[in-house]
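Enquirer: With chain W fixed as given, assemble chain H onto it according to the hints.
Sequences listed follow chains W and H, in order.
For what it's worth, our numbering labels the leading residue of the first sequence as 1, then goes sequentially.
For what it's worth, our numbering labels the leading residue of the second sequence as 1001, then goes sequentially.
Keep in mind that the hints were calculated from the coordinates and are not lab data.
All C-beta atoms in this analysis are idealised placements derived from N, C-alpha and C, irrespective of residue type, glycine included.
Please note: incorrect hints may appear among the correct ones.
[What the hints assert, rightly or not] Each computed DSS-like pair below joins lysine-lysine, with the alpha-carbon atoms no more than 30 angstroms apart:
no., chain 1, residue 1, chain 2, residue 2
1, H, K1223, W, K265
2, H, K1265, W, K38
3, W, K223, W, K177
4, W, K265, H, K1038
5, H, K1248, W, K38
6, W, K38, W, K223
7, W, K248, W, K35
8, H, K1177, H, K1038
9, H, K1223, H, K1170
10, H, K1265, H, K1248
11, H, K1265, W, K223
12, W, K248, H, K1035
13, H, K1038, W, K248
14, W, K35, W, K177
15, H, K1038, H, K1223
16, W, K223, W, K35
17, H, K1308, H, K1177
18, H, K1177, H, K1035
19, H, K1248, W, K35
20, W, K223, W, K265
21, W, K170, W, K308
[As the list claims (entries may be wrong)] Label pairs and their in silico Cβ distance ranges:
no., chain 1, residue 1, chain 2, residue 2, range
22, W, D273, H, T1031, 38 to 46 angstroms
23, W, E121, H, H1041, 34 to 42 angstroms
24, H, G1070, W, G300, 27 to 35 angstroms
25, W, W18, H, G1300, 33 to 41 angstroms
26, H, E1016, W, R191, 48 to 56 angstroms
27, H, G1070, W, D249, 13 to 21 angstroms
28, W, K223, H, S1246, 33 to 41 angstroms
29, H, A1220, W, H135, 45 to 53 angstroms
30, H, A1245, W, A220, 35 to 43 angstroms
31, W, V382, H, E1016, 54 to 62 angstroms
32, W, E118, H, G1314, 52 to 60 angstroms
33, W, E130, H, A1220, 57 to 65 angstroms
34, W, W18, H, G1070, 42 to 50 angstroms
35, H, K1170, W, D3, 46 to 54 angstroms
There are 2 protein chains.
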Amino acid sequence: MRDVAIVAAGMTRFGELWDASLRDLFAEAATEALKNAKADHLDALFVGNMSAGQFVGQEHLGPLLADELGMAGVAAARVESACASGGVALRSAFIEVASGASDVVLAAGVEKMTDSTEVTEVLATASDQELEAYHGITFPGLYAMIARAHMERWGTTEEDLSWVSVKNHKHGALNPKAQFRSAVSLDDVMRSSPVAEPLRLLHCSPVSDGAAAVLVVPLADAKRYTDRPVRIAASGLATGPMALASRKDIAFLDAVEASARRAYKMAGHGPADINVAEVHDCFAIAEICAIEALGLVERGTGNAAARKGDTALGGRLPVNTSGGLKAKGHPVGATGIAQAIEIFEQLRGEAGARQVADARVGLTQNMGGSGASSVVHIFERV
Amino acid sequence: MRDVAIVAAGMTRFGELWDASLRDLFAEAATEALKNAKADHLDALFVGNMSAGQFVGQEHLGPLLADELGMAGVAAARVESACASGGVALRSAFIEVASGASDVVLAAGVEKMTDSTEVTEVLATASDQELEAYHGITFPGLYAMIARAHMERWGTTEEDLSWVSVKNHKHGALNPKAQFRSAVSLDDVMRSSPVAEPLRLLHCSPVSDGAAAVLVVPLADAKRYTDRPVRIAASGLATGPMALASRKDIAFLDAVEASARRAYKMAGHGPADINVAEVHDCFAIAEICAIEALGLVERGTGNAAARKGDTALGGRLPVNTSGGLKAKGHPVGATGIAQAIEIFEQLRGEAGARQVADARVGLTQNMGGSGASSVVHIFERV
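The following block holds chain W by itself, in its conformation from the complex (with noise of 0.2 angstroms):
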């Protein structure tokens, strides 16, 4: 396999997007991925979207998206695994690049979720229609129950979850493309309305519109596009039990855990090596998981990370320096690259006020469900 690069971004701002459509979007954002590397040409396009035959009524965005561009021709195809479709069109264009098939290619993501009246319900056929959405159930409230069971394992309190939120607001008020740029506090947090009990509405990221694309060569290549191209050192893909009711235990996902350990192998790198992080905190309770299950911290401890402050900017591994999903905002098929651009942009030093200082080492990871898919991407400055 070739060494793989990505070598430029681009992304809309996350939000409710009211003016664009979904192809508006879309090409915003790869229209700025190309013109940043130069690029005037594609030998594949892959896109993530979730649900855009549900949400807007329009499947079949390979082509769309393509001629959009004004590049119809091109190999394209969409690619989909829930909330994870971003972080898997990144894996298609890793995989396509390293294999020789193509030289340059896009991975973009996108979702225009604002036009629908049906969000939630739309969101759960994402869980497992026999086991969990027939019966009413909605992803809150299988975090909820997520979250309940890692308090009785581990006392993970409401209060461990609301840090989470609290820091990653504080992350995204630094963030000029996230959704919300306002500091929330301890205090609003734990006074904001019930969803799902335990999970409040500061506990839950937001429904958004918006895209965000990446440009992905191989890295003997890279060069010519930029002067500070960023390995991807690994991209690891797993899935675990679909509904709840099959897991183990429920307060661990066993896919992020599978897809880090891949990654892991494939990078030669382990969770000691990571100076920052883009995790799936589509609850605040996700993330508390996710940093378990991937080995930033030891298990049972994910809760006390953001309360001591070890995963907030200026700590030990500082966690979605974006804001995250939270508050960066979750077009649920655009986060798996938008993910990659935070680590991108930390890598090449550009973050700005959000800049992790010296990382050298990073990893997204990007989980579809209840995390019954979740895939692992290591990133490494070259």
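Expert: Chain H only, in chain W's frame:
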């Protein structure tokens, strides 16, 4: 890139399968493929599916179906390019194995259409929403316009279209897996109900349920699984303008030509080397346009191929020996894999009453929407 082979296949019957759910269908096909190869593990699973979110309320098929197969943990994802989703799944498996990232990969396709009461509307989400679907046009209408254009340009007649259906039903009658195992006469087709003139009911593929799966491994490992592997000599994916209104000549399928050009180049074969082909006859006119764009006949002469018997079993170049989408059925996400299975069986000499004598090189062509995406694979007997 490593050489890649298919070593086993599994497929459900295609039809209105009221007793089987999406996951049942997938499990039947996938289990059969694994059993035929005596394979007890997978490194990765790619599932082609167009619209399970809209048809049956289930996205996130990667982990769901890995779990259903008893293989929770495996790297798995869904790929989508409307009715070309199966072909894109096969391409994903091909690249995955060719890259060296995985050694044992299942490429599957599945669609459960008959549970939906809005099949035509869901399928229309594969067209350009803003330029086509919003205005009420559906796929029979789009292909009717393509047929009209071909008639204007090349003198194609309703009888020419009808001979395609007669041929494919004749082939389908020999296929135990086909939805329609009944021959139809020219008169039957010409007198069937108008759907979107000039297209009549018997010019249209049906609404179907079904699944298909193939096991893809490095050619160097293939003999561990079977004594008759079939090499995937090439995989070509391309797109073209999404909306008919954006195309220079709607009677010609640019994306099909581009995908074929890529595949022929990769395989080192030309159209003259092909002994048997499965092409995407979602409507009779589509087969005529496809064989022209693939270079299997001269441009403008596809209309005569079925009438003259050239593309029938026993003819110069048998096309759609399986019965094609018309008679075998068209569970959209499964179609691209089912096409590959027909060629796999032909090249192994296992096609029974449909066998093409001494078939050495075969081709599949699978497309999405009104031809905005197309995937061509070329296969060789080893």
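Enquirer: Would you mind confirming whether the straight-line C-alpha gap from K1038/H to K248/W stays at or under 30 angstroms?
Expert: OK: K1038/H and K248/W at ~29 angstroms, within 30 angstroms.
Enquirer: Compare the distance between the alpha carbons of K248/W and K1035/H with 30 angstroms, and conclude whether the hinted pair is satisfied.
Expert: holds, 28 angstroms
Enquirer: Just tell me: holds or violated, for the beta carbon distance of G1070/H and G300/W against 27 to 35 angstroms?
Expert: holds, 30 angstroms
Enquirer: Can you let me know if the beta-carbon spacing of E1016/H and R191/W is within 48 to 56 angstroms?
Expert: The hint (48 to 56 angstroms, Cβ to Cβ) holds, given that E1016/H and R191/W are roughly 55 angstroms apart.
Enquirer: Do G1070/H and D249/W keep their Cβ atoms within the hinted range of 13 to 21 angstroms?
Expert: holds, 19 angstroms
Enquirer: Is it true that A1245/H and A220/W lie within 35 to 43 angstroms of each other by Cβ?
Expert: holds, 42 angstroms
Enquirer: Given a hinted range of 33 to 41 angstroms, is it respected by the beta-carbon distance of K223/W and S1246/H?
Expert: This hint holds: roughly 37 angstroms between Cβ atoms.
Enquirer: Is the hinted range of 42 to 50 angstroms satisfied by the C-beta distance from W18/W to G1070/H?
Expert: Because 45 angstroms falls inside the window, the suggested range holds.
Enquirer: Do the alpha carbons of K248/W and K35/W lie within 30 angstroms of each other, as the hint requires?
Expert: violated, 48 angstroms
Enquirer: Can you tell me whether the CB distance of E130/W to A1220/H sits inside 57 to 65 angstroms?
Expert: Distance hint for E130/W, A1220/H is violated at roughly 40 angstroms.
Enquirer: Between K170/W and K308/W, is the straight-line Cα distance small enough, at 30 angstroms or below?
Expert: Roughly 15 angstroms between the alpha carbons, so the hint for K170/W and K308/W holds.
Enquirer: Is the hinted range of 38 to 46 angstroms satisfied by the C-beta distance from D273/W to T1031/H?
Expert: Hint holds: Cβ distance 41 angstroms, inside 38 to 46 angstroms.
Checked against the numbered hints given earlier, this structure breaks hints 7, 9, 25, 33; the rest are met.
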